[in-house]
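**Q** Turn these sequences into a full structure, and let the hints steer you where they fit.
Those protein sequence lines, which keep their order, are chains G and Z. Residue numbers for the first sequence follow the working numbering, so the first one is 79 and each next one is one higher. Residue numbers for the second sequence follow the working numbering, so the first one is 79 and each next one is one higher.
A portion of the hints provided could be inaccurate.
It does not matter which identical chain is meant; a pair holds if it fits inside one copy or across any two.
[To be verified] Capping the alpha-carbon separation at 20 angstroms, the derived lysine to any residue pairs in SDA-like fashion look like this:
| id | residue 1 | residue 2 |
| --- | --- | --- |
| 1 | K422 | A102 |
| 2 | K370 | D335 |
| 3 | K513 | D483 |
| 4 | K377 | L419 |
| 5 | K377 | R424 |
| 6 | K377 | P421 |
| 7 | K422 | R117 |
| 8 | K582 | V552 |
| 9 | K470 | P251 |
| 10 | K422 | S103 |
| 11 | K480 | R175 |
Read the hints as simulated data drawn from the structure, not as lab findings.
There are 2 protein chains.
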Amino acid sequence: MHGLMMNQPLLISAQLEFAQRFHASVEVVTRTVEGPVVRTTWGTVATRVKKLANALTDAGLKPGDVVATLAWNTQRHLELYFAVSGLGAVLHTINPRLPPDQLSFIANHAGDTMLFFDTTFLPLARHLASVSTPIQHWVALTDEAYLPKDSGIPGLRAYETMIHGKADTFAWPALDENTASSLCYTSGTVGLPKGVLYSHRSTVLHSYAICMVDALAISAQDVTLPVVPMFHVNAWGVPYAAAMVGSKLVLPGPALDGNSLLELIEAEGVTSALGVPTVWLGLLTAAKAAGKKMSTLQKVTIGGSACPPSMITAFQEEHGARVLHAWGMTELSPLGTACVLLPKHRELNAEGKLHVQMKQGRPIFGVDLRLVDDTGSVVPHDGATSGHLQTKGSWVASGYFKSQDTSQHVDGWFFTGDIATIDPDGYMQITDRSKDVIKSGGEWVSSIDVEHAAMLHPAVSQAAAIGVPHERWVERPLLIVVKAKDIDVTKDQLREFLEHKLVKWWVPDAIEFVDALPIGPTGKVLKRQLRERFAGYKL
Amino acid sequence: MHGLMMNQPLLISAQLEFAQRFHASVEVVTRTVEGPVVRTTWGTVATRVKKLANALTDAGLKPGDVVATLAWNTQRHLELYFAVSGLGAVLHTINPRLPPDQLSFIANHAGDTMLFFDTTFLPLARHLASVSTPIQHWVALTDEAYLPKDSGIPGLRAYETMIHGKADTFAWPALDENTASSLCYTSGTVGLPKGVLYSHRSTVLHSYAICMVDALAISAQDVTLPVVPMFHVNAWGVPYAAAMVGSKLVLPGPALDGNSLLELIEAEGVTSALGVPTVWLGLLTAAKAAGKKMSTLQKVTIGGSACPPSMITAFQEEHGARVLHAWGMTELSPLGTACVLLPKHRELNAEGKLHVQMKQGRPIFGVDLRLVDDTGSVVPHDGATSGHLQTKGSWVASGYFKSQDTSQHVDGWFFTGDIATIDPDGYMQITDRSKDVIKSGGEWVSSIDVEHAAMLHPAVSQAAAIGVPHERWVERPLLIVVKAKDIDVTKDQLREFLEHKLVKWWVPDAIEFVDALPIGPTGKVLKRQLRERFAGYKL
Numbered sequence: 079m080h081g082l083m084m085n086q087p088l089l090i091s092a093q094l095e096f097a098q099r100f101h102a103s104v105e106v107v108t109r110t111v112e113g114p115v116v117r118t119t120w121g122t123v124a125t126r127v128k129k130l131a132n133a134l135t136d137a138g139l140k141p142g143d144v145v146a147t148l149a150w151n152t153q154r155h156l157e158l159y160f161a162v163s164g165l166g167a168v169l170h171t172i173n174p175r176l177p178p179d180q181l182s183f184i185a186n187h188a189g190d191t192m193l194f195f196d197t198t199f200l201p202l203a204r205h206l207a208s209v210s211t212p213i214q215h216w217v218a219l220t221d222e223a224y225l226p227k228d229s230g231i232p233g234l235r236a237y238e239t240m241i242h243g244k245a246d247t248f249a250w251p252a253l254d255e256n257t258a259s260s261l262c263y264t265s266g267t268v269g270l271p272k273g274v275l276y277s278h279r280s281t282v283l284h285s286y287a288i289c290m291v292d293a294l295a296i297s298a299q300d301v302t303l304p305v306v307p308m309f310h311v312n313a314w315g316v317p318y319a320a321a322m323v324g325s326k327l328v329l330p331g332p333a334l335d336g337n338s339l340l341e342l343i344e345a346e347g348v349t350s351a352l353g354v355p356t357v358w359l360g361l362l363t364a365a366k367a368a369g370k371k372m373s374t375l376q377k378v379t380i381g382g383s384a385c386p387p388s389m390i391t392a393f394q395e396e397h398g399a400r401v402l403h404a405w406g407m408t409e410l411s412p413l414g415t416a417c418v419l420l421p422k423h424r425e426l427n428a429e430g431k432l433h434v435q436m437k438q439g440r441p442i443f444g445v446d447l448r449l450v451d452d453t454g455s456v457v458p459h460d461g462a463t464s465g466h467l468q469t470k471g472s473w474v475a476s477g478y479f480k481s482q483d484t485s486q487h488v489d490g491w492f493f494t495g496d497i498a499t500i501d502p503d504g505y506m507q508i509t510d511r512s513k514d515v516i517k518s519g520g521e522w523v524s525s526i527d528v529e530h531a532a533m534l535h536p537a538v539s540q541a542a543a544i545g546v547p548h549e550r551w552v553e554r555p556l557l558i559v560v561k562a563k564d565i566d567v568t569k570d571q572l573r574e575f576l577e578h579k580l581v582k583w584w585v586p587d588a589i590e591f592v593d594a595l596p597i598g599p600t601g602k603v604l605k606r607q608l609r610e611r612f613a614g615y616k617l
Numbered sequence: 079m080h081g082l083m084m085n086q087p088l089l090i091s092a093q094l095e096f097a098q099r100f101h102a103s104v105e106v107v108t109r110t111v112e113g114p115v116v117r118t119t120w121g122t123v124a125t126r127v128k129k130l131a132n133a134l135t136d137a138g139l140k141p142g143d144v145v146a147t148l149a150w151n152t153q154r155h156l157e158l159y160f161a162v163s164g165l166g167a168v169l170h171t172i173n174p175r176l177p178p179d180q181l182s183f184i185a186n187h188a189g190d191t192m193l194f195f196d197t198t199f200l201p202l203a204r205h206l207a208s209v210s211t212p213i214q215h216w217v218a219l220t221d222e223a224y225l226p227k228d229s230g231i232p233g234l235r236a237y238e239t240m241i242h243g244k245a246d247t248f249a250w251p252a253l254d255e256n257t258a259s260s261l262c263y264t265s266g267t268v269g270l271p272k273g274v275l276y277s278h279r280s281t282v283l284h285s286y287a288i289c290m291v292d293a294l295a296i297s298a299q300d301v302t303l304p305v306v307p308m309f310h311v312n313a314w315g316v317p318y319a320a321a322m323v324g325s326k327l328v329l330p331g332p333a334l335d336g337n338s339l340l341e342l343i344e345a346e347g348v349t350s351a352l353g354v355p356t357v358w359l360g361l362l363t364a365a366k367a368a369g370k371k372m373s374t375l376q377k378v379t380i381g382g383s384a385c386p387p388s389m390i391t392a393f394q395e396e397h398g399a400r401v402l403h404a405w406g407m408t409e410l411s412p413l414g415t416a417c418v419l420l421p422k423h424r425e426l427n428a429e430g431k432l433h434v435q436m437k438q439g440r441p442i443f444g445v446d447l448r449l450v451d452d453t454g455s456v457v458p459h460d461g462a463t464s465g466h467l468q469t470k471g472s473w474v475a476s477g478y479f480k481s482q483d484t485s486q487h488v489d490g491w492f493f494t495g496d497i498a499t500i501d502p503d504g505y506m507q508i509t510d511r512s513k514d515v516i517k518s519g520g521e522w523v524s525s526i527d528v529e530h531a532a533m534l535h536p537a538v539s540q541a542a543a544i545g546v547p548h549e550r551w552v553e554r555p556l557l558i559v560v561k562a563k564d565i566d567v568t569k570d571q572l573r574e575f576l577e578h579k580l581v582k583w584w585v586p587d588a589i590e591f592v593d594a595l596p597i598g599p600t601g602k603v604l605k606r607q608l609r610e611r612f613a614g615y616k617l
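**A** What follows is the structure in structure tokens.
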């Protein structure tokens, strides 16, 4: 027997309509690619989305077609999010940091028929125009005045010209909620990128989830700054959630350096900001250099890589902003866990709280987690036993776009590729990536723990630990360090420091100083490159 | 083209499993019908739910069967919530405050085959056993020691005996998410009660919604006390949401008087409590009499009837607990709107904030609202124009159980029966029930506004305004007042007071003092009875 409730599909277009009906006056602010900060409202965004939907329809876009973007976090990108998916087409957000050959690979693999790009990415668009792809329509996300001349791209149009004069009403199709809505490729540090194809249902459920108090708590009461790019897992779902609850949205455009972010946070009264550790490192450094405390910031959500404890402390103690450590993946839309303290943690001292906050947090209802050992047997949630982290849920990928690869799916569970523990309260902590783990004498050394310990030293700006071959122990840790600008440290001093922070056999056998670490297209340290560079390293 | 996301139905059993896997140690505390306060955990509740599911299966319960309860907010009632719905059967929570003839009507109409009842309600169960119904299994929610002797009910069993020795594992069926999960009848102040049949999907979506920051914000960080009964619209969905996020749950059992609630709030460190105004009146009175400030309470959610401003002020100023005014209906699962202040309201003074808080609040994504006039034309959201409030959404009833009555549904919208305004920020304010509105000289007088003004007078404990016939103006307001115990007021004094609070033509033409107002089974004043009592009233 079925319930007698209204049959309403979960659709992205409904989020936009809701914003227009109930949050029309809430601001959407963008630092534009052209330079100035531009402010508008959700009401105006909704009107322009409808103009865009009419323009896309006039250009021949059909449900199921794939529209690509190479774009920063801006109002126009936001408009594409709602117009393309609302129509029943698929928004394919391309990561501009991918190497050119991967760009053309995914444009072909996805079957992109239109490309919208910020003028910053003109060279990448030119590259795509010079190779064979199905792209027929090329649109620069700007107006006539800024449209690149002699772009070399046939039929290039300006976004503002495209939507100019179009009707500002649009009747959204009543799609099946399982219709594909957007597409994001994993960065593919090994092998070719793989496409994750989200649906309207998974996107709306994920939106509800991230607005929950114990998740990311996206809210109308906040001024929200997604620094995490809209080309990377839909900026963690913030654009959809912000429309749904009517949060003021501040979009940083191309200016992701610390000073620009600092200025934007202060000027717009940002209360909640979301991004990866590398971005926050820049922001904290800029704030320190300027001697400024971020006065409005209340919450910083940190994901993408494990957050070093020194960063948590800096935000909380120097800026009075609570850190929310979270974990997710492209295949998880992305939210899997969020680290919120429980009532029982209120009595802990600062160190005790920090110990909890370093964990990636508890799963959000809608995703389930479990740990298995190398043989696939489930291991206990005792906070000590680590295992391969598996997940399943309403916003977890069931496979990859146009792929028969099912190697990461077993018995309905998805292998995350992470090694983790889960404690009896449900807090998950990643100890390593499966491929980064250092195997020493039959035991695992957590490269993440070694790095975090090193970053507690004031002279260490960044750190990466990798395993290098060892005759007796198979592998031993090598620590690679980028020093802070203003303080020095010797290898011996750092080694002694680490001896006080780590169990003896986790202390690296060697330390090397480098000028920079190789960073991948989603802001993560590319350990594979480090392992290649230090392949012949003699301990 | 469909997205490539895992196909996971939204099921109530998944909420329970999640609680067992990730929130097992979080407390569930009940003031029992037997007397003592009993404490257990979500882990133990989950284990007992599985024993109950096995017991129900052994008793022959099949998917689609209907199981009735006549029960307070207790752990055992909570276990029935998850076991019955999890099995694919329908939990029919009967409001014990309904008159006996309506009880037997709905037991027959619903097709209840089992009845679980608290011993408090033995007389009602006896009544049901004395008339013809499909009920075959009778279970008292207690153990052998407290099982009523000579109950007169054939085959009466004790709940604890029923689940004793059953296996504590159970494989939940993979139901279609649209499967009916629970059934609640409206109180039927006019005509027979009508059944609202919820589904797993609507229940889980509603659970996500109420956990959002801008909604009821149910959270693991709170100790949550649902005073709103589990026999009335599933205690506003709190049991499901609490399982989902792992909130400590405090269940007040039968003791809903002010002193008992006060004691429970202090003893259990309740931070968030939810209920109707009549219950809070008792609590505030008890706290005042005892000279106690509720030290742990941070948030009081008030719904069911419009909340008088004096109550908002009392909670906020005397107890430091923020009031969250909310609006819903049985047909809305029940949440429709919640009144959270926006950043722009932070600059308002106390009076300005109170003015916003008296509104029922903004819709939660998943329900849409609109206003229409008597001809069905949509009227603007300008905060001034009132109209008939209509709604539609993911957790809104599409009809009534075993009913052809579609009179409340037009063009996919449900007529709430409320008269309301909506302002440009989306804040909805109910000015009246359609049937309670006072029509004076072609204009509407808001009976709610008149009542709230009266309740600002310290000598007024409760107030109800109704329309009585008038030769010239068709109707004029009559104010009916229950005086506070310790302060007196004359009709003339009260009238003069109201002249300062209301526009002239809203001031009641007459005032009558009574000992008590008639209260219906869901805590609302029965104005129909007042209109009957004062039918021949001469102004």
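**Q** Each hint needs a verdict: does it hold in this structure or not?
**A** Now the hints, each set against the structure:
Proximity of K422 and A102 under a CA criterion of 20 angstroms is satisfied inter-copy only: 14 angstroms between copies versus 40 angstroms inside one chain copy. Taking CA atoms no more than 20 angstroms apart as the test, K370 paired with D335 passes inside one copy only; the shortest distance there is 16 angstroms, against 53 angstroms between copies. In this assembly of identical chains, K513 and D483 lie within 20 angstroms of each other by CA distance solely inside one copy; the values are 19 angstroms within and 62 angstroms between copies. In this assembly of identical chains, the alpha carbons of K377 and L419 lie at most 20 angstroms apart whether taken from the same copy (14 angstroms) or from different copies (19 angstroms).
For the identical chains of this complex, K377 and R424 are neighbours both inside a copy (18 angstroms) and across copies (18 angstroms), given an alpha-carbon limit of 20 angstroms. For the homomeric pair K377 and P421, the shortest alpha-carbon distances inside one copy (18 angstroms) and between copies (16 angstroms) are both at most 20 angstroms. For the identical chains of this complex, K422 and R117 are inter-copy neighbours only, at 17 angstroms across copies versus 43 angstroms inside a copy, given an alpha-carbon limit of 20 angstroms. For a Cα distance limit of 20 angstroms, the shortest separation of K582 from V552 inside one copy, 17 angstroms, qualifies, whereas the shortest one across copies, 90 angstroms, does not.
Taking the shortest Cα distances, K470 and P251 sit within 20 angstroms of each other only across copies (18 angstroms), while inside one copy they are farther apart (30 angstroms). In this homomeric assembly, K422 and S103 come within 20 angstroms of each other (Cα to Cα) only across copies, at 11 angstroms, whereas the closest approach inside a single copy is 40 angstroms. For the homomeric pair K480 and R175, neither the shortest alpha-carbon distance inside one copy (23 angstroms) nor that between copies (59 angstroms) is at most 20 angstroms.
Going through the hint list in order, the structure does not satisfy hint 11, though it satisfies all others.
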